[in-house]
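Chemist: These are the residues of each chain, in order.
Protein chains: 2
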Amino acid sequence: MELKGACIVGQSGGPTSVINASVYGVIHTALKNPNITRVLGAEHGIKGVLNDRLFDMGQEDPNELALLKYTPSSALGSCRYKMADPDVDETDYKRILEIFQKYNVRYFFYNGGNDSMDTCNKISKYMQRVGYDCRVMGVPKTIDNDLYGTDHCPGYGSAAKYIATSCMEVYQDARVYDTGMVCIIEIMGRHAGWLAGAAALATAYGAGPDLVYLPEVDFDMDQFLADVERIYKERGNCMVAVSEGIHYADGSFVSEAKTSATDGFGHAQLGGLAAMLAQIVKEKLGVKVRGIELSLLQRCGAHLASETDIEEAFMAGKAAVENAAAGISDKMVGFERAYEGGHYICRTRLLNLTDVANTEKKVPLDWINENHNGVKQPFIDYVLPLIQGEPCLPKEDSLPRFARLKKVLTK
Amino acid sequence: MELKGACIVGQSGGPTSVINASVYGVIHTALKNPNITRVLGAEHGIKGVLNDRLFDMGQEDPNELALLKYTPSSALGSCRYKMADPDVDETDYKRILEIFQKYNVRYFFYNGGNDSMDTCNKISKYMQRVGYDCRVMGVPKTIDNDLYGTDHCPGYGSAAKYIATSCMEVYQDARVYDTGMVCIIEIMGRHAGWLAGAAALATAYGAGPDLVYLPEVDFDMDQFLADVERIYKERGNCMVAVSEGIHYADGSFVSEAKTSATDGFGHAQLGGLAAMLAQIVKEKLGVKVRGIELSLLQRCGAHLASETDIEEAFMAGKAAVENAAAGISDKMVGFERAYEGGHYICRTRLLNLTDVANTEKKVPLDWINENHNGVKQPFIDYVLPLIQGEPCLPKEDSLPRFARLKKVLTK
Numbered sequence: 000m001e002l003k004g005a006c007i008v009g010q011s012g013g014p015t016s017v018i019n020a021s022v023y024g025v026i027h028t029a030l031k032n033p034n035i036t037r038v039l040g041a042e043h044g045i046k047g048v049l050n051d052r053l054f055d056m057g058q059e060d061p062n063e064l065a066l067l068k069y070t071p072s073s074a075l076g077s078c079r080y081k082m083a084d085p086d087v088d089e090t091d092y093k094r095i096l097e098i099f100q101k102y103n104v105r106y107f108f109y110n111g112g113n114d115s116m117d118t119c120n121k122i123s124k125y126m127q128r129v130g131y132d133c134r135v136m137g138v139p140k141t142i143d144n145d146l147y148g149t150d151h152c153p154g155y156g157s158a159a160k161y162i163a164t165s166c167m168e169v170y171q172d173a174r175v176y177d178t179g180m181v182c183i184i185e186i187m188g189r190h191a192g193w194l195a196g197a198a199a200l201a202t203a204y205g206a207g208p209d210l211v212y213l214p215e216v217d218f219d220m221d222q223f224l225a226d227v228e229r230i231y232k233e234r235g236n237c238m239v240a241v242s243e244g245i246h247y248a249d250g251s252f253v254s255e256a257k258t259s260a261t262d263g264f265g266h267a268q269l270g271g272l273a274a275m276l277a278q279i280v281k282e283k284l285g286v287k288v289r290g291i292e293l294s295l296l297q298r299c300g301a302h303l304a305s306e307t308d309i310e311e312a313f314m315a316g317k318a319a320v321e322n323a324a325a326g327i328s329d330k331m332v333g334f335e336r337a338y339e340g341g342h343y344i345c346r347t348r349l350l351n352l353t354d355v356a357n358t359e360k361k362v363p364l365d366w367i368n369e370n371h372n373g374v375k376q377p378f379i380d381y382v383l384p385l386i387q388g389e390p391c392l393p394k395e396d397s398l399p400r401f402a403r404l405k406k407v408l409t410k
Numbered sequence: 000m001e002l003k004g005a006c007i008v009g010q011s012g013g014p015t016s017v018i019n020a021s022v023y024g025v026i027h028t029a030l031k032n033p034n035i036t037r038v039l040g041a042e043h044g045i046k047g048v049l050n051d052r053l054f055d056m057g058q059e060d061p062n063e064l065a066l067l068k069y070t071p072s073s074a075l076g077s078c079r080y081k082m083a084d085p086d087v088d089e090t091d092y093k094r095i096l097e098i099f100q101k102y103n104v105r106y107f108f109y110n111g112g113n114d115s116m117d118t119c120n121k122i123s124k125y126m127q128r129v130g131y132d133c134r135v136m137g138v139p140k141t142i143d144n145d146l147y148g149t150d151h152c153p154g155y156g157s158a159a160k161y162i163a164t165s166c167m168e169v170y171q172d173a174r175v176y177d178t179g180m181v182c183i184i185e186i187m188g189r190h191a192g193w194l195a196g197a198a199a200l201a202t203a204y205g206a207g208p209d210l211v212y213l214p215e216v217d218f219d220m221d222q223f224l225a226d227v228e229r230i231y232k233e234r235g236n237c238m239v240a241v242s243e244g245i246h247y248a249d250g251s252f253v254s255e256a257k258t259s260a261t262d263g264f265g266h267a268q269l270g271g272l273a274a275m276l277a278q279i280v281k282e283k284l285g286v287k288v289r290g291i292e293l294s295l296l297q298r299c300g301a302h303l304a305s306e307t308d309i310e311e312a313f314m315a316g317k318a319a320v321e322n323a324a325a326g327i328s329d330k331m332v333g334f335e336r337a338y339e340g341g342h343y344i345c346r347t348r349l350l351n352l353t354d355v356a357n358t359e360k361k362v363p364l365d366w367i368n369e370n371h372n373g374v375k376q377p378f379i380d381y382v383l384p385l386i387q388g389e390p391c392l393p394k395e396d397s398l399p400r401f402a403r404l405k406k407v408l409t410k
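Line by line, the protein sequences give chains A and B.
Each step along the first sequence adds one to the number in numbering that gives the first Met the number 0, with nothing skipped, and position 64 is 63.
Each step along the second sequence adds one to the number in numbering that gives the first Met the number 0, with nothing skipped, and position 188 is 187.
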């Protein structure tokens, strides 16, 4: 079972508030492991391996490394790089093997979402095929929360907390005048509505959107306008949360659709979905509108991170190393939840990389209401434990103190 | 000097994260004052007086009132209502006098920005003219920080902190890939660049915009594109902060201008300035872009409020009541800063309402760099003390616990 050698850790895909907590879980645990001779960080994910751009993490100041827990985005750099099918083109795989051999890499940890687990899976299978002994483990990450087989994903809880808190604050602001307003908040999530649904947490706590639209169901513009008009007439204001991925019944994204109402809608790429929907509401209903896109803020808002999410992200990285050191390979660390004495607890479980790669998990349809404009209580019960806890954020003059890594390249 | 009677407090103009802290300063202090017989909150500012919609603040739960310190936006409701010149139309003033007499109102506190101080001033002068004994005090508020005669305004420090922190986080995110990006962040401030300048705090702490454009100087699109291109070529990425109020030399707002480059720019109202500038950069330089508008988030982001700002906002409300009770009228509470033993301290000072009304304070031109694309150290030194301190935010299940007022209308 004992396998001595270096490890490589890489980050891939869109960053989150806590992906660095996972990488710190890997690095911190690997640096202490007697069988792991060297801990290397890949610059920009697998591209850093291909380009032989590897940082020697052992040369970092441990105090700076510890700050990774509270530093958003991918500290090692990320990439969006689709690996070829090795049966079609083996070039990249041969290069990766060459680098693994050069540094005697026997442990490979890859931290990312769906596409990254595909990369991880392909590398794992290739190394098996060529008989190179390397333990490959996926460490999950995605604000989208759409990885298969895990109760939830590191990164989601913090983004959900950012979204819910921001909605609660905007709710206070968007109804302050004696004249009404329709406020539309655009939330990330191209194919799954986990993030947009988190806006409903704000509503559950008394200050959130009246309407929430997820991409799991078809969007109907006429029904949307009728919903907004009804709420506005009833309450004098209307707040709406929409997933960026809402689409019509024919599958076309609302954000990309040209409607006949005005040629202005063709310029949706300028301002995004929220601005476009706000404009449509303004033209159809003649009311004051405001479109707000949470944009990158929701995925890097570490100042609103969930302590639960940070600790679970760290735990996922740590579990990847511990399991690999114990002889396990070709898995992704996933989560399962339990309730002990009514209290939420989260445990790791191992999933086959093959099963995880490229499979998306969506919001269950029976968690979405009948009118397709909101979520039901099971959704709230699901997400609430994930946003809990306030981390003690390192600050310098009341501004965030993020990790400053030396990033010493291996010779 | 003793004057017994009720007081009215109202909020007006765009809300902030801490305007309720000021109103709490008024209410809390007035409720304890033996000469103030009743504390009334005007619904939607002066409109609540005109419409006889007044809440009896004495009937609120003191614990809920205390939560106002941490509740963003205007809890009593706000308005944007321009009072007529009383020499032209006395209707509103007569009505206000009628209401003041009806409830024996002898103290009037108005919490707002430039326009609100104009309202406050006009009411003060009218009451003097008709010989109705009522002490009128303005309580400053504006994230724009553009009130005349005061070192700074309550609300600014918290918005500045939100902007600087968000820029630091986005900075981490916007350079995570091995491919570069130009990221443009749009910040509030139609005529004054105090808010946009605060983005430079992020830069001073190692993770902020490369370029900052304020409305105090003319914007030149060609120079802007040259600036962005130069930085992008040098550093592989470029982050830009722009005030929504940047304008060309002829005074026209960049956000409203139609450029000849593409008819798409005519739709700037859809997505705002950031999206429009991002689009222009994309077309001219052919690089990946992202436009982010901080929108309402920056003015209601109480979860990032500055403790200094909260306490000063409270102090301003308290000082208004204490000074009025001591016989002073026709003033706005302002701030002056001092440094004792190198430490920033803030004291209140009283300004004539006449002087404050409708006068805007802009960023000094010698705090803006020679290239008109950044701010200099005096700006940083000015703003840094204002963002200090982390409030202990009341939370419920890790979400904000805002004040829930009963809002009992007077009979």
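Some hints could be false.
Which copy? The list can't say, so a pair holds if one copy fits it or any two copies do.
[Unchecked claim] The list that follows gives simulated cross-link-like pairs (lysine-lysine, DSS-like), each with its CA atoms no further than 27 Å apart:
hint: 1; residue 1: LYS3; residue 2: LYS287
hint: 2; residue 1: LYS31; residue 2: LYS281
hint: 3; residue 1: LYS3; residue 2: LYS375
hint: 4; residue 1: LYS93; residue 2: LYS287
hint: 5; residue 1: LYS375; residue 2: LYS394
hint: 6; residue 1: LYS360; residue 2: LYS283
hint: 7; residue 1: LYS281; residue 2: LYS46
hint: 8; residue 1: LYS281; residue 2: LYS394
None of these hints come from the bench; they were simulated from the model.
Just so you know, these numbers come straight off a predicted model, no measurement behind them.
Chemist: Take the hints in turn and mark each one as holding or not.
Modeler: Hint check:
1. LYS3 / LYS287: neither (65 Å within a copy, 43 Å between copies)
2. LYS31 / LYS281: Classified as neither: same-chain Cα gap 60 Å, cross-chain 47 Å, threshold 27 Å.
3. LYS3 / LYS375: neither (50 Å within a copy, 54 Å between copies)
4. LYS93 / LYS287: neither (59 Å within a copy, 31 Å between copies)
5. LYS375 / LYS394: between (38 Å within a copy, 23 Å between copies)
6. LYS360 / LYS283: neither (35 Å within a copy, 40 Å between copies)
7. LYS281 / LYS46: between (46 Å within a copy, 25 Å between copies)
8. LYS281 / LYS394: Cα proximity of LYS281 and LYS394: none, with 42 Å in one copy and 35 Å across.
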